[in-house]
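Chemist: Chains as they are written, first to last, in my numbering: chain A, 1 to 285; chain B, 286 to 606.
To be clear, the hints were calculated from the coordinates, so they are not data collected in a lab. All residues carry an ideal CB built from backbone N, CA and C; glycine is no exception. Among the clues, some could well be false.
Said to hold, decoys possible - Residues of chain B clear of chain A, computed beta-carbon distances all greater than 12 angstroms:
{"hint": "1", "residue": "Asn319"}
{"hint": "2", "residue": "Thr365"}
{"hint": "3", "residue": "Phe386"}
{"hint": "4", "residue": "Ala393"}
{"hint": "5", "residue": "Pro401"}
{"hint": "6", "residue": "Ala421"}
{"hint": "7", "residue": "Asp427"}
{"hint": "8", "residue": "Phe491"}
{"hint": "9", "residue": "Leu511"}
{"hint": "10", "residue": "Gly531"}
What the hints assert, rightly or not - Here are the simulated DMTMM-like cross-link-like pairs (lysine to aspartate or glutamate), alpha carbons at most 20 angstroms apart as the crow flies:
{"hint": "11", "chain 1": "A", "residue 1": "Lys181", "chain 2": "B", "residue 2": "Asp451"}
{"hint": "12", "chain 1": "A", "residue 1": "Lys120", "chain 2": "B", "residue 2": "Asp571"}
{"hint": "13", "chain 1": "A", "residue 1": "Lys100", "chain 2": "B", "residue 2": "Glu377"}
{"hint": "14", "chain 1": "A", "residue 1": "Lys139", "chain 2": "A", "residue 2": "Asp152"}
{"hint": "15", "chain 1": "A", "residue 1": "Lys99", "chain 2": "B", "residue 2": "Asp571"}
{"hint": "16", "chain 1": "A", "residue 1": "Lys100", "chain 2": "B", "residue 2": "Asp548"}
{"hint": "17", "chain 1": "A", "residue 1": "Lys181", "chain 2": "B", "residue 2": "Glu375"}
{"hint": "18", "chain 1": "A", "residue 1": "Lys99", "chain 2": "B", "residue 2": "Asp451"}
{"hint": "19", "chain 1": "A", "residue 1": "Lys100", "chain 2": "A", "residue 2": "Glu250"}
{"hint": "20", "chain 1": "A", "residue 1": "Lys171", "chain 2": "A", "residue 2": "Glu229"}
{"hint": "21", "chain 1": "A", "residue 1": "Lys218", "chain 2": "A", "residue 2": "Glu125"}
{"hint": "22", "chain 1": "A", "residue 1": "Lys120", "chain 2": "B", "residue 2": "Asp451"}
{"hint": "23", "chain 1": "A", "residue 1": "Lys189", "chain 2": "B", "residue 2": "Asp373"}
{"hint": "24", "chain 1": "A", "residue 1": "Lys100", "chain 2": "B", "residue 2": "Glu375"}
{"hint": "25", "chain 1": "A", "residue 1": "Lys181", "chain 2": "B", "residue 2": "Asp571"}
{"hint": "26", "chain 1": "A", "residue 1": "Lys248", "chain 2": "B", "residue 2": "Asp571"}
{"hint": "27", "chain 1": "A", "residue 1": "Lys79", "chain 2": "B", "residue 2": "Asp571"}
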Amino acid sequence: MKKWIKSLGIVTMAVAFAAAGVSEAGAASSLSGKIVVNGSSALLPLTLQAASEFKKLNPKVKISASAAGSVTGPQSVRKGIADIGACDWDASTDVPGFKKFEGQVANPVAVIPFAAVVNKNVKVESLTNKQLADIFSGKITNWKDVGGSDADIVVVNRAFGSGTRVNFQMKALNGTEFMSKGDNYKEVKSSGDMKTAVDTTPNAIGYLDLVYVTGSIKALKINDVAPTEENVINGKYKVWGYGYYMTKGEPTGATKAFIEYVQSAKFQNGSLKKLKFIPLSAMKK
Amino acid sequence: MSESTSASNRTLAVSGQPGNGIRIGNGRMLDRKNRLRIYNRSFRIVCVASAVFVCLILLSILFFMFRTGILTFRSVPASTFFFSTNWDPENESYGAFLFIFGTVALTALTLAISVPISLFVAVFLSEAAPRWLSNALRPVLDLLVGIPSVVYGFLGLTILIPLLRDITGRQLTDGLLAAAIVLSIMVLPTISRISDDAISAVPAKFKDASYALGATRFQTVFRVMLPSARSGILYGIILGMARAIGETMAVVMVVGNTPQLADSLFKPTSVLTSNIVMQIPNVPFDSTWNYALYLMGFLLLVISLLMIVVIRVLQKKGVKA
Numbered sequence: 001m002k003k004w005i006k007s008l009g010i011v012t013m014a015v016a017f018a019a020a021g022v023s024e025a026g027a028a029s030s031l032s033g034k035i036v037v038n039g040s041s042a043l044l045p046l047t048l049q050a051a052s053e054f055k056k057l058n059p060k061v062k063i064s065a066s067a068a069g070s071v072t073g074p075q076s077v078r079k080g081i082a083d084i085g086a087c088d089w090d091a092s093t094d095v096p097g098f099k100k101f102e103g104q105v106a107n108p109v110a111v112i113p114f115a116a117v118v119n120k121n122v123k124v125e126s127l128t129n130k131q132l133a134d135i136f137s138g139k140i141t142n143w144k145d146v147g148g149s150d151a152d153i154v155v156v157n158r159a160f161g162s163g164t165r166v167n168f169q170m171k172a173l174n175g176t177e178f179m180s181k182g183d184n185y186k187e188v189k190s191s192g193d194m195k196t197a198v199d200t201t202p203n204a205i206g207y208l209d210l211v212y213v214t215g216s217i218k219a220l221k222i223n224d225v226a227p228t229e230e231n232v233i234n235g236k237y238k239v240w241g242y243g244y245y246m247t248k249g250e251p252t253g254a255t256k257a258f259i260e261y262v263q264s265a266k267f268q269n270g271s272l273k274k275l276k277f278i279p280l281s282a283m284k285k
Numbered sequence: 286m287s288e289s290t291s292a293s294n295r296t297l298a299v300s301g302q303p304g305n306g307i308r309i310g311n312g313r314m315l316d317r318k319n320r321l322r323i324y325n326r327s328f329r330i331v332c333v334a335s336a337v338f339v340c341l342i343l344l345s346i347l348f349f350m351f352r353t354g355i356l357t358f359r360s361v362p363a364s365t366f367f368f369s370t371n372w373d374p375e376n377e378s379y380g381a382f383l384f385i386f387g388t389v390a391l392t393a394l395t396l397a398i399s400v401p402i403s404l405f406v407a408v409f410l411s412e413a414a415p416r417w418l419s420n421a422l423r424p425v426l427d428l429l430v431g432i433p434s435v436v437y438g439f440l441g442l443t444i445l446i447p448l449l450r451d452i453t454g455r456q457l458t459d460g461l462l463a464a465a466i467v468l469s470i471m472v473l474p475t476i477s478r479i480s481d482d483a484i485s486a487v488p489a490k491f492k493d494a495s496y497a498l499g500a501t502r503f504q505t506v507f508r509v510m511l512p513s514a515r516s517g518i519l520y521g522i523i524l525g526m527a528r529a530i531g532e533t534m535a536v537v538m539v540v541g542n543t544p545q546l547a548d549s550l551f552k553p554t555s556v557l558t559s560n561i562v563m564q565i566p567n568v569p570f571d572s573t574w575n576y577a578l579y580l581m582g583f584l585l586l587v588i589s590l591l592m593i594v595v596i597r598v599l600q601k602k603g604v605k606a
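Just chain A, same shape as in the assembly:
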């Protein structure tokens, strides 16, 4: 019986504290408005986490986030459907396959490392940028040409427009065009599908966000540098990109506050790290 009363007391106190906390936060923030975020699905977990934390601090701000492909982000911003367009590349500049979006500002929010991955039966451990480019453009078609066993290479690629594809093409393949036909070539529509395809197809090669590299799939070294968070931070591993929030001109009001919150040290070193992105501050030299 005493236990009951005790726990009841604790609950009451907790509720009181929580209520106090909420009212305090409510009083502290006079910010209000509505923020619509659309775009890259790679950045969605980050956006959702940030949105739920930000809404606790600023209860009057409404944030709705959804995701499709990366290019939908800057497009929605241009059409005025979204305030923030999440995009895996800097859409205010030209990238392979996409023209720049005039008048948009790219606000970096996270660092995303990418890795070339192979099926576990592949004996090769490391490839150079040149070898990768030759494999993905279809010039090298057998593993024995890059030091592996005598077997045809199965190339798995993301569909055109994928942010991962744009980044991998720019940073790992030096901008070389991908192959688009062949008996041993297929395309998949998401990172999850990429992982399954490479994992279940012997002699397959593909590429992924580093966070997806788990289990039996093998990440290749590029130029003998392993794709680890540490190597990205110390600058040895080059295949990474920023995730951006695109806005129409400089952000203002609630949108500005939200982007600043995502860029803040508290969020970057806390939740963002937990979601396996690399904080922006780690990259500043």
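On the provided structure of chain A, position chain B as indicated by the hints.
Modeler: Here is chain B on its own, set in the frame of chain A:
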């Protein structure tokens, strides 16, 4: 007519039936008539409106897809779109023939595999199996119809494709055959259940007459039962085919999604549905590429509508003959 009605009403009132007639009198009787008329009218309006609504939805979908899709031809000649096999939108090549071919070939292959098997299943269920067994199997087939297509696709990706790889010794077995097998498994329960119902509904006297004429069981099934159930079986095939043509998730997981003409059963290729779902999230809004995808969606609609019309016509001919 109205005279007799009022007469019968009066009889009812006289004979003391409980109703408004006795207590409230003739004035209210008219009210009741009016009320009924209003009810009838409004019910009729609701029904007609619902029917019109459905037609409007279909027409507006067709219209919208057509209006957006037709913009493709501002920059791509129709002959290129329909007959070229070079789909490379990054470099302004919009040849959709390989997708159209892929869809038609995939559907044909699917039906070639699934229709014979379904018919055997249906004949077994309705003619050969003992009653307890068919009573147990029918709910199982009904359950199979309800399995989401993504489950079939996932099993195809993780079980069927490695299996095909072991059998053929190829590196990559994504392609028409893998997709057709997955789709066949998907549409099999639909076709066999409906055919089963159709065969079971054939009057027993047909069968009795056939046996009385000295026909064997085989002859009875193939010369009497199946032809009599033809329209029901065709209906099952239509439904199966519609599901096969429009299926996206299961196909996209096993077809390979490479824009090249499938000249072999194991070549990674792409069909209309899988190409649309692969590319639509990533294309710029007001681009020829986007319009071309809409046009492909419109084609998909037209193909399935045409097939349904063709089969309806066949069905009518079958009934006449």
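Chemist: Could you run down the list of hints and mark each one as holding or not?
Modeler: Quick rundown of the hints versus the structure:
1. Asn319: 51 angstroms, holds
2. Thr365: Fine: 18 angstroms to the nearest Cβ keeps threonine 365/B off the interface.
3. Phe386: 15 angstroms, holds
4. Ala393: At about 22 angstroms from chain A, alanine 393/B clears the 12 angstroms cut-off, so the statement holds.
5. Pro401: 30 angstroms, holds
6. Ala421: The claim stands: alanine 421/B keeps its Cβ more than 12 angstroms from every Cβ of chain A (closest is about 35 angstroms).
7. Asp427: 30 angstroms, holds
8. Phe491: 51 angstroms, holds
9. Leu511: Its Cβ never comes within 12 angstroms of chain A, the nearest being 41 angstroms, so this holds.
10. Gly531: For glycine 531/B, whose nearest Cβ neighbour in chain A is about 18 angstroms away, the distance exceeds 12 angstroms, so it holds.
11. Lys181/A / Asp451/B: 23 angstroms, violated
12. Lys120/A / Asp571/B: 42 angstroms, violated
13. Lys100/A / Glu377/B: With Cα atoms ~18 angstroms apart, lysine 100/A and glutamate 377/B stay inside 20 angstroms; holds.
14. Lys139/A / Asp152/A: 12 angstroms, holds
15. Lys99/A / Asp571/B: 13 angstroms, holds
16. Lys100/A / Asp548/B: Given that 20 angstroms is the threshold and the Cα spacing comes to 38 angstroms, the pair is violated.
17. Lys181/A / Glu375/B: At roughly 14 angstroms apart (the allowed maximum being 20 angstroms), glutamate 375/B and lysine 181/A satisfy the hint.
18. Lys99/A / Asp451/B: Violated, at about 44 angstroms.
19. Lys100/A / Glu250/A: 16 angstroms, holds
20. Lys171/A / Glu229/A: Since the Cα atoms of lysine 171/A and glutamate 229/A sit roughly 16 angstroms apart, the hinted pair holds (cutoff 20 angstroms).
21. Lys218/A / Glu125/A: 9 angstroms, holds
22. Lys120/A / Asp451/B: Between lysine 120/A and aspartate 451/B the Cα gap is close to 17 angstroms, so the pair holds against 20 angstroms.
23. Lys189/A / Asp373/B: 17 angstroms, holds
24. Lys100/A / Glu375/B: 15 angstroms, holds
25. Lys181/A / Asp571/B: Violated - the C-alpha atoms of aspartate 571/B and lysine 181/A are around 27 angstroms apart, more than 20 angstroms.
26. Lys248/A / Asp571/B: With Cα atoms ~19 angstroms apart, lysine 248/A and aspartate 571/B stay inside 20 angstroms; holds.
27. Lys79/A / Asp571/B: This hinted pair holds, its Cα atoms lying about 11 angstroms apart.
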